[in-house]
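Counting along the sequence shown from 1, when you hit position 271 you're at 270 in numbering that gives the first Met the number 0, and nothing is skipped either side.
For the record, the hints were derived by calculation from the structure and aren't laboratory data.
Check before you lean on any hint, since a few could be wrong.
EDC-like cross-link-like pairs, simulated, lysine to aspartate or glutamate; straight-line CA separation at most 20 Å [stated by the list, open to error]:
(1) Lys366 - Asp356
(2) Lys248 - Asp175
(3) Lys248 - Asp190
(4) Lys366 - Glu338
(5) Lys248 - Glu174
(6) Lys316 - Glu304
(7) Lys248 - Asp356
(8) Lys248 - Asp170
(9) Lys366 - Glu339
(10) Lys248 - Glu338
(11) Lys316 - Glu339
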Amino acid sequence: MAADGTCTRVSGMSGYSSGCRHPGPSVNLSGRTNDNRVLQLGLMEPSTDEHSNADSSPIAREGEDASSLYAVATALNALEASRQPLRTLEQLSAALTACAPYLPLRVEVEPDLSSTMFIPAVDTEATPAKADLASKQPAAISTPPAVPLDVHILGPLLPCRTPQALRTLEDILLEDCEGSRLSFCALHCADLDLRRVRVGEDSDYAPPTVAASVQQAPSDPSLDLLVSPTTEAYSSCTATVSQVLAFLKHLVAARASQLTTLHFTRCYVVPHDLGHSIPLPLATVRRLRFEHCSLTPAHVGALLELARQQDALASSKLAEACGVIGLSPHRSRSFGALEELQLSGSLTPECIVELLDYVEEQQQCRKADGEAIALRALCVPSSVVRTTRTHPFVQANDSQISVWSVCV
């Protein structure tokens, strides 16, 4: 504020963009960006100043909100109408960029570097006639292999004016991307609050003992920046959180058989929500990473309970399908394919020993079936490195299992 009483307005932060490696926001469609600026026919409308907002009546503001929602709905309808099959990373990036201004988070895609090779494309329409015709023709250029993709879902969350934006994003990722060209092999979530209910609330998923242990967990400054259940912001974005969790749940459930890497960075989840807010396909995942997440022994206990539940369910389904009772030595087991496990937070030697005991049991079954031990790397907090290295399973396979210390 100047000496004469005039005010100078400072512009806010620029909005998030999506796509491949942070492209700029799309301006091809009309609507509202996620930093509340309005796009109209590709041109940025000048925003009103603080004095005009203060002087506007409630009726005028309601009219502006209705107009804004209509513009967003119109833009999303146009985006829906322009959808088409996506076969390349560039096409997918362009579609995400067009959808970006209306999303409450950032979405980026890149080739999955954890995959050792490209996935060969499969011609699902091949017929004997096609095969006979191909044998009589000169060799042609083979179909490009599928590109394994790493999908990044990046927070923190912004207000979402309409759930249609996330539904459009879900359709783009699950329906428009051709599986023979684009395969989602890795999912990375960062800076997201993954709680389904408020900490301490009575619910079917929150026993008092678990809720109490969560409340006693030490504070993490990096996570304190996320939405807290004690702030007004939490109440205002509850609907957005619910919509985002539904989107992630549908995405993981639809691609569970393809996902080999699940990576969480600075995400907050309470033990009773682990594996429920976002599914964790423990029988097929190869790399499970919790980076800078405030995990506690209660989280490890919940992870083990989830693994036992998934194993029991898989065993029951297999027994029902085979018409026999008991375990099959050839069924998939939780942690059976696990190659890398990264944990963070305030963990105890006891919970690490219990977890490694279960991993050993599951991976020894692979050895009994003539397969090699899958585990290659364990990344744990420095406080439990010694316990990890001295575990009998790790010592028996020290030539192939590396133990690393990570910063909590």
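Results for each hint:
Taking the CA atoms of Lys366 and Asp356, the gap is near 15 Å; set against the 20 Å cutoff, the hint holds. A hinted pair counts as satisfied when its Cα atoms are at most 20 Å apart, and Lys248 with Asp175 qualifies at roughly 18 Å. Note on Lys248 and Asp190: the hinted pairing holds, with a Cα-Cα distance of about 17 Å set against a maximum of 20 Å. For the suggested pair Lys366 and Glu338, the alpha carbons sit about 14 Å apart, so the restraint of at most 20 Å is met.
Between Lys248 and Glu174, the direct Cα distance comes to roughly 16 Å. Compliance with the 20 Å bound is thereby established for this hinted pair. At most 20 Å may separate the alpha-carbon atoms for a hinted pair to count; Lys316 and Glu304 meet this at roughly 18 Å. This hinted pair does not check out: Lys248 and Asp356 have alpha carbons roughly 29 Å apart, beyond 20 Å. About 14 Å separates the Cα atoms of Lys248 and Asp170, which keeps this hinted pair within 20 Å; it holds.
For the proposed pair Lys366 and Glu339, the alpha carbon gap of about 18 Å is at most 20 Å, so the pair holds. Distance check on the hinted pair: Lys248 and Glu338 sit about 24 Å apart at the alpha-carbon level, beyond 20 Å; violated. For the given pair, Lys316 sits about 28 Å from Glu339 by alpha-carbon distance, which is inconsistent with the 20 Å threshold.
The structure fails to meet hints 7, 10 and 11 from the earlier list, while all remaining hints are met.
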